[in-house]
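K.L.:
When you get a sec, could you build the whole thing from the sequences and use the hints?
There are 2 protein chains.
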Amino acid sequence: MQNNLPHIQSIFTADCVILGFKEGELKVLLVERNEFPFKDFWGLPGFFVDQNETIDDAVKRILFEYTGLKGIFMEQLYTFGDLQRHPQGRIITVAYYAMLRLDDAIKLAPSSNYVRSAKWWSIKDLPELAFDHNRIIAKTLEKIRRKISHSPIAFELLPEKFTLTQLQQLYEAIWEKKLDKRNFRKKMLNYDVLKELDEKQKGVSYRAAKLYKFDKRKYAKAFQNGINFSK
Amino acid sequence: MQNNLPHIQSIFTADCVILGFKEGELKVLLVERNEFPFKDFWGLPGFFVDQNETIDDAVKRILFEYTGLKGIFMEQLYTFGDLQRHPQGRIITVAYYAMLRLDDAIKLAPSSNYVRSAKWWSIKDLPELAFDHNRIIAKTLEKIRRKISHSPIAFELLPEKFTLTQLQQLYEAIWEKKLDKRNFRKKMLNYDVLKELDEKQKGVSYRAAKLYKFDKRKYAKAFQNGINFSK
DNA sequence: TCAAAAGTGTTTTCCTTACACCCATGC
DNA sequence: GCATGGGTGTAAGGAAAACACTTTTGA
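Line by line, the protein sequences give chains A and B.
Counting in this note's numbering, the final residue of the first sequence is number 276, and the numbers go up one at a time with none missing.
Counting in this note's numbering, the final residue of the second sequence is number 276, and the numbers go up one at a time with none missing.
It is worth saying that the hints were derived from the structure and are not from the lab.
Take these hints with a grain of salt, some might be off.
Note: identical chains are not told apart, hence a pair may lie in one copy or across any two.
Computed list of lysine to aspartate or glutamate pairs in EDC-like fashion (alpha-carbon distance at most 20 Å, straight line) [stated by the list, open to error]:
hint, residue 1, residue 2
1, K105, D127
2, K184, E120
3, K84, D177
4, K192, E120
5, K188, E120
6, K255, D225
7, K72, D127
8, K192, D95
9, K232, D148
10, K184, D170
11, K232, D260
12, K105, E201
13, K169, E98
14, K231, E217
P.N.:
Below, the structure is given as structure tokens:
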């Protein structure tokens with residue numbers, strides 16, 4: 046950093062891993078590229094950041110353009126700058142991940158002409174993606190596997206009202222590990238961050254489960270003591 | 046990302062939070078700036094990344110230039126892109142943190158002419174720094190506070206041979222919290238990641254303590270089971 | 001012999017784990 | 001009435017936390 050900026054300029058982009066949860070599986074939103082490089086490959090939604098917006102704002106903007114949603118949970122993941130990651134030269138990308146509730150009928154609206162289509166993919170069964178996007182998704186998984194132990198990010202992926210079984214399935218999907226139903230419920234209720242509702246599941250052909258809400262106020266209290274949704 | 050790169054170019058830098066541990070305190074290496082902006086302010090060592098090196102390599106290079114050391118532990122922290130962080134326009138910086146053993150007499154060699162001097166500061170008592178560097182250091186602290194619970198990064202800051210009391214003081218400095226001696230030792234030895242040496246502290250005017258080494262092989266085993274140096 | 005830090009065990013409490021059966025509902 | 005998931009308790013083991021005194025050493 047010098048007085049007269051030497052204008053060593055670099056190209057950088059932002060890529061976003063948009064996650065959802067449906068049918069007991071973690072899903073990731075991918076786009077089909079319509080231009081070189083990696084034409085016809087699937088990859089993460091990526092974009093340039095304007096000179097007059099923060100990276101966070103740029104990601105919010107793009108999330109809105111793709112999903113029509115605002116206020117989505119998002120967080121910076123990592124910045125990738127390998128020399129080989131882009132065939133046209135070293136392009137640095139700041140990767141983010143975002144989490145949203147897939148229950149609302151989200152209309153996917155790929156807004157840019159470099160994108161042919163957009164689709165939710167099961168994160169367990171991805172093709173070879175453009176650039177280093179497989180690696181970025183792998184790193185996202187590592188991150189959220191750790192993070193759901195001490196942060197209430199799981200609730201970002203669930204409908205506002207959910208059953209304990211849905212919550213458990215989400216943890217199981219992220220950790221790729223079966224959990225004991227009784228222990229899971231005991232522990233989760235013990236944290237005292239859920240609000241039990243006077244409402245039950247509807248439209249199922251078996252005993253309807255109670256619905257719960259995540260309670261931010263309770264969580265704020267519990268957080269002081271260092272909560273730990275351990276495996 | 047498009048076929049013909051639109052060359053929306055951005056300036057970006059890398060900044061490095063270099064940490065050491067001495068006299069029971071966490072230290073951070075700061076440089077005194079010799080040029081505008083923020084002339085005469087102290088700040089983090091920052092630098093441009095060449096077009097043909099990865100960000101990691103650039104940080105390694107700079108660490109070597111400043112300290113004469115290679116193989117220092119380092120990790121990416123976060124990428125900061127606020128619009129106001131640099132008075133001359135939006136400059137994105139990728140922040141790293143690094144940890145080294147301060148016991149070796151490290152000769153600080155500020156290599157660049159934008160730096161007047163370099164000095165170790167106690168992290169608890171910092172002046173107002175250039176740019177958003179106070180914030181970057183705060184974020185580093187948050188990160189390592191979490192990270193020392195499940196990673197053996199503490200050992201990066203200690204001499205190769207250390208006493209249990211030194212190790213405890215380091216945890217206490219990072220967590221800003223007194224720990225119980227007996228419980229700390231019991232727990233730490235229980236993890237089975239330390240090797241007890243046939244050697245004792247020298248040059249102290251009281252009962253000399255046993256020296257220990259961190260044992261990477263033992264750690265690798267313990268790691269499988271999900272180690273947790275909890276508070 | 002004194003000052004300074006090293007070193008050491010036990011008890012209580014709490015969290016984690018393992019484990020299996022009956023219940024409610026819709027079809 | 002049957003298939004499907006909902007919902008529940010207890011015992012045992014292990015980790016965490018609280019707590020204070022004796023030992024060693026050099027000056």
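K.L.:
Compare the structure with each hint and give your call.
P.N.:
Structure-based check of each hint:
| no. | hint | verdict |
| --- | --- | --- |
| 1 | K105 / D127 | between (25 Å within a copy, 14 Å between copies) |
| 2 | K184 / E120 | both (13 Å within a copy, 14 Å between copies) |
| 3 | K84 / D177 | within (15 Å within a copy, 39 Å between copies) |
| 4 | K192 / E120 | both (11 Å within a copy, 18 Å between copies) |
| 5 | K188 / E120 | both (11 Å within a copy, 15 Å between copies) |
| 6 | K255 / D225 | within (19 Å within a copy, 44 Å between copies) |
| 7 | K72 / D127 | neither (26 Å within a copy, 31 Å between copies) |
| 8 | K192 / D95 | neither (30 Å within a copy, 33 Å between copies) |
| 9 | K232 / D148 | neither (26 Å within a copy, 45 Å between copies) |
| 10 | K184 / D170 | within (16 Å within a copy, 35 Å between copies) |
| 11 | K232 / D260 | within (16 Å within a copy, 35 Å between copies) |
| 12 | K105 / E201 | within (16 Å within a copy, 38 Å between copies) |
| 13 | K169 / E98 | neither (34 Å within a copy, 33 Å between copies) |
| 14 | K231 / E217 | within (16 Å within a copy, 33 Å between copies) |
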